[in-house]
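J.: Here the structure of chain A is known, so what remains is to put chains B and C in place on it, guided by the hints.
Now for the letters of each chain:
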Amino acid sequence: MKQNFLLQLHPLTKFYFSLFILVAVLIVPGYIFSFAVFPILVLIAILAGVTKEFLSIVLKALLSVLVIVFIMQMFFYPGDEVLWKAGIFSITQEGLDYGLLLTSRILAIGAVFILFFRMTEVRDFVKSLEDKGLPPMGAYVVLSTLQIIPEMRRQANTIMEAQKTRGVETEGSLFVRAKAFIPTLTPLILSSIASTEERAITLESRAFSAPVKKTSLHQLTKNSADRILPIVYVVILVGLLVWRFFL
Amino acid sequence: MKRNFKDDFNMMAMLLIPIAVAVNLVGFQLANVLRLPIFLDTIGTILVGVIAGPWVALLAGLITNLINAIFNPVYLPYALTSMAIGVGAGLLSKYGFFKKIPKTIVSGIIITFIAVIVSAPITVLVFGGATGNTSSLITATFLASGQQLWSAVFSSTFITEIADKVVSVLIVYFIVQKMSDRYLSKMNYGYLYMKRNNKK
Amino acid sequence: MTIMIDLKNVSYRYPVSDDFVLKNISFSIEKGKFSAIVGNNGSGKTTLCNTIRGFVPHFYKGDLDGEVIIDQTKMADYQLGQLGEKVGYVFQNPFIQVSGVKDNVFEEVAYGLENLGVPVEEIKIRVEEVLKLVKIEHLRDKNPFELSGGQRQRVALASIIVMDPEILVIDEPTSQLDPIGTEQIFDIIRLMKERGKTIILVEHKMDLIAEYADDLLVMHEGELVMQGPVREVFADPEFEKYQIQYPHVTEIALQLQKLGTALSFIPIRDEELAKALNRTGVAIHD
Numbered sequence: 000m001k002q003n004f005l006l007q008l009h010p011l012t013k014f015y016f017s018l019f020i021l022v023a024v025l026i027v028p029g030y031i032f033s034f035a036v037f038p039i040l041v042l043i044a045i046l047a048g049v050t051k052e053f054l055s056i057v058l059k060a061l062l063s064v065l066v067i068v069f070i071m072q073m074f075f076y077p078g079d080e081v082l083w084k085a086g087i088f089s090i091t092q093e094g095l096d097y098g099l100l101l102t103s104r105i106l107a108i109g110a111v112f113i114l115f116f117r118m119t120e121v122r123d124f125v126k127s128l129e130d131k132g133l134p135p136m137g138a139y140v141v142l143s144t145l146q147i148i149p150e151m152r153r154q155a156n157t158i159m160e161a162q163k164t165r166g167v168e169t170e171g172s173l174f175v176r177a178k179a180f181i182p183t184l185t186p187l188i189l190s191s192i193a194s195t196e197e198r199a200i201t202l203e204s205r206a207f208s209a210p211v212k213k214t215s216l217h218q219l220t221k222n223s224a225d226r227i228l229p230i231v232y233v234v235i236l237v238g239l240l241v242w243r244f245f246l
Numbered sequence: 000m001k002r003n004f005k006d007d008f009n010m011m012a013m014l015l016i017p018i019a020v021a022v023n024l025v026g027f028q029l030a031n032v033l034r035l036p037i038f039l040d041t042i043g044t045i046l047v048g049v050i051a052g053p054w055v056a057l058l059a060g061l062i063t064n065l066i067n068a069i070f071n072p073v074y075l076p077y078a079l080t081s082m083a084i085g086v087g088a089g090l091l092s093k094y095g096f097f098k099k100i101p102k103t104i105v106s107g108i109i110i111t112f113i114a115v116i117v118s119a120p121i122t123v124l125v126f127g128g129a130t131g132n133t134s135s136l137i138t139a140t141f142l143a144s145g146q147q148l149w150s151a152v153f154s155s156t157f158i159t160e161i162a163d164k165v166v167s168v169l170i171v172y173f174i175v176q177k178m179s180d181r182y183l184s185k186m187n188y189g190y191l192y193m194k195r196n197n198k199k
Numbered sequence: 000m001t002i003m004i005d006l007k008n009v010s011y012r013y014p015v016s017d018d019f020v021l022k023n024i025s026f027s028i029e030k031g032k033f034s035a036i037v038g039n040n041g042s043g044k045t046t047l048c049n050t051i052r053g054f055v056p057h058f059y060k061g062d063l064d065g066e067v068i069i070d071q072t073k074m075a076d077y078q079l080g081q082l083g084e085k086v087g088y089v090f091q092n093p094f095i096q097v098s099g100v101k102d103n104v105f106e107e108v109a110y111g112l113e114n115l116g117v118p119v120e121e122i123k124i125r126v127e128e129v130l131k132l133v134k135i136e137h138l139r140d141k142n143p144f145e146l147s148g149g150q151r152q153r154v155a156l157a158s159i160i161v162m163d164p165e166i167l168v169i170d171e172p173t174s175q176l177d178p179i180g181t182e183q184i185f186d187i188i189r190l191m192k193e194r195g196k197t198i199i200l201v202e203h204k205m206d207l208i209a210e211y212a213d214d215l216l217v218m219h220e221g222e223l224v225m226q227g228p229v230r231e232v233f234a235d236p237e238f239e240k241y242q243i244q245y246p247h248v249t250e251i252a253l254q255l256q257k258l259g260t261a262l263s264f265i266p267i268r269d270e271e272l273a274k275a276l277n278r279t280g281v282a283i284h285d
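Protein chains in written order, with numbering that gives the first Met the number 0: chain A, 0 to 246; chain B, 0 to 199; chain C, 0 to 285.
The following block holds chain A by itself, in its conformation from the complex (with noise of 0.2 Å):
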């Protein structure tokens, strides 16, 4: 990975940040600050050179939700102040400003995640909650489930190519094509499962239970900023609350 200041950042003081969003979105009235987010976000992603990444993924996993959540609001918010109507369609002020106000917040709490990730190894992640107490045996099931995963998808393509020469059929109507999902999808479950024996004797062969603590060649280290900016974080998030409820 390239020496870039942001990406070195511990993986917490990088989700501390997610979660600092989260709260200051929910805190912060009205659509404008959470709209303002999002373009900072950009400039963080620019930054870590992660910009293409996050863009596109931002646009798979948002653009339909937002665009949905503020048609939805628009329409069936209910309120007084009618801008338009079209029989039964009406549009409010009301919904108009509910619709920004979701939209805003999904658009800012979704991006700050998906920067998170496109910031941060999961393996990381992990790391860096494993040295905050969560459990070897957590730490384990979700590293070996981002294996696993490529793995089955590759099988589960396999036995559908197998399927097929046997003269399954995966095209044509609803009931040919939902005869086609046992067969393939059985047998791989079925594998899997078995070879749950062998991996826990391959893992118990490895001393994973033995009753000590484990050490790890993988180190996460903490440099300055990762100290000061979880109390930044903080400060910002106390003043605002203060703003919010007291002036």
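None of these hints come from the bench; they were simulated from the model.
Where is the CB? At the ideal position from N, CA and C, for every residue including glycine.
Take these hints with a grain of salt, some might be off.
Claimed, not checked - Below, simulated EDC-like cross-link-like pairs (lysine to aspartate or glutamate); rule was C-alpha separation at most 16 Å, straight line:
#, chain 1, residue 1, chain 2, residue 2
1, A, Lys126, C, Glu29
2, C, Lys32, C, Asp62
3, A, Lys213, C, Glu106
4, C, Lys257, C, Asp235
Stated by the list, open to error - Simulated restraints, written as ranges between beta carbons of each label pair:
#, chain 1, residue 1, chain 2, residue 2, range
5, B, Lys102, A, Ser194, 41 to 47 Å
6, A, Leu246, B, Ala143, 40 to 46 Å
7, C, Lys123, A, Ser194, 27 to 33 Å
8, C, Phe94, A, Pro77, 58 to 64 Å
9, A, Lys59, C, Ser174, 35 to 41 Å
10, C, Gly195, A, Leu18, 52 to 58 Å
11, A, Ser194, C, Leu262, 44 to 50 Å
As the list claims (entries may be wrong) - Just so you have them, the derived chain A footprint on chain B, three or more residues with Cβ under 8 Å:
#, region
12, 14 to 24
13, 84 to 95
T.: Relative to chain A, chains B and C alone:
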């Protein structure tokens, strides 16, 4: 036989979780490839609920949504739904609901209710009633015909979930039937489904 | 000599089975000996390995009678987690024997030491050593999932050897490997013997057993039917009864003997055949 939280978490049970998550994801992908009108994305969670109990399935559900959320954060709030489905399947299994087809179908309906009760409030409170999937269209139709938001979301979620969950539990039923006693004997709830016991 | 493995009247059956897979088995193995277990499928070899490794009864439940003593301590007094350092275990399927959480071979091999809580600096030194010993240095940065069966099996062996267990239990390590892969595995096993490890190996390739192993244990339908030095067991006419393969050269020699050729001894290694025949050959020409 009494079981508690800790009994459910032996190594074999934990090793089922990655498989359950992968099955959820692959099932969903397969349903997509085959252009099926249902999601089939909780088969893994329900399966481990049935053979390994509610707590293991809860974790399987949680991790499924966390991993999906890496690429689409919309999944994140629905982690609650997946966890509830897992716990539900586990408890139903404990009380013998997956032993015969009729009761299995009943559990499919119960799991549908669980899914609806947990996910509809999330849809309303977090997303204002729609997230852009198929049920959003139905919700919009109900709203346009004058229904209230909550009842519109509840009914549309129910309609899209029922077929999915009943088919999923049936698939789980057939898979459990195909498992050998040798493996079932190592699973927390496997004894419920071993052919050997049933013959006696 | 110290006894490392001691079984006394051991019987075992799996939880879902009515039949005993191990029936009243007793034997003891001295420190530093290389013993091979042979027998047909279903004779209980793998279960016996699991018993020595402590997976029976710590992992597989079921009924275990008799006593298993590993390095002067009863199996029942060990915790499952403690045995990892004492008894190393490698089995047949090279594809499942990976931790499933490591991205490269170096980390994969280090995994057991991390679990044992060995300091990071020491881990690095020990892993380097083992990679060199097992000759897989060139694979160090490869993803374990991208390796061939033979490479994976060597990584699996390295991952166990690095933990430096006194006993190695190796269950059919070469059954899914080609001849070159097999040769490489046996090279490693030979090295381990030279280092004084006590080795238990289940294997079907009798030529290799004849070449490397000290003692032979013959399993048949859950019973230990024969045991002794390799040469004596192969030479014993009783061995034929269990329909287990002989080393090729022994097979040929026994055929010749049946046809009336006199042999000075029963050869078990290829190079011994000439010797076994030569003497008698000389005798004929006299």
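J.: If a hint holds in the structure, say so; if it doesn't, say that too.
T.: Hint-by-hint comparison with the structure:
Using a Cα cut-off of 16 Å, the hinted pair A:Lys126 and C:Glu29 is violated, with the two alpha carbons roughly 43 Å apart. Between C:Lys32 and C:Asp62 the CA atoms are separated by roughly 29 Å; this puts the pair beyond 16 Å, and the hint is violated. Annotation: proposed proximity of A:Lys213 to C:Glu106 holds, straight-line Cα distance about 14 Å (limit 16 Å). Between C:Lys257 and C:Asp235 the alpha-carbon distance is near 15 Å, which keeps this suggested pair within the 16 Å criterion.
Separation of B:Lys102 from A:Ser194 is about 30 Å and departs from the stated range, judged on CB atoms against 41 to 47 Å. Take A:Leu246 and B:Ala143: their Cβ atoms lie about 43 Å apart, and the range 40 to 46 Å holds. A hinted range of 27 to 33 Å for the beta carbons of C:Lys123 and A:Ser194 is consistent with their spacing of about 31 Å. The given range of 58 to 64 Å is respected by C:Phe94 and A:Pro77, whose C-beta atoms sit roughly 60 Å from each other.
For A:Lys59 and C:Ser174, the Cβ-Cβ distance of about 46 Å falls outside the hinted range of 35 to 41 Å, so the restraint is violated. Taken as a hint, the range 52 to 58 Å holds for the pair C:Gly195 and A:Leu18, whose Cβ atoms sit roughly 55 Å apart. Distance hint check for A:Ser194 and C:Leu262: the Cβ-Cβ separation is about 48 Å, which falls inside the suggested range of 44 to 50 Å. Residues of the region 14 to 24 of chain B with a Cβ under 8 Å from some Cβ of chain A number 9, which satisfies the need for three, so the listed coverage holds.
Given a C-beta distance limit of less than 8 Å, the hint that chain A covers the region 84 to 95 of chain B is violated, as 0 residues qualify and 3 are needed.
Consistency with the previously given hints fails for numbers 1, 2, 5, 9, 13, ordered from lowest to highest.
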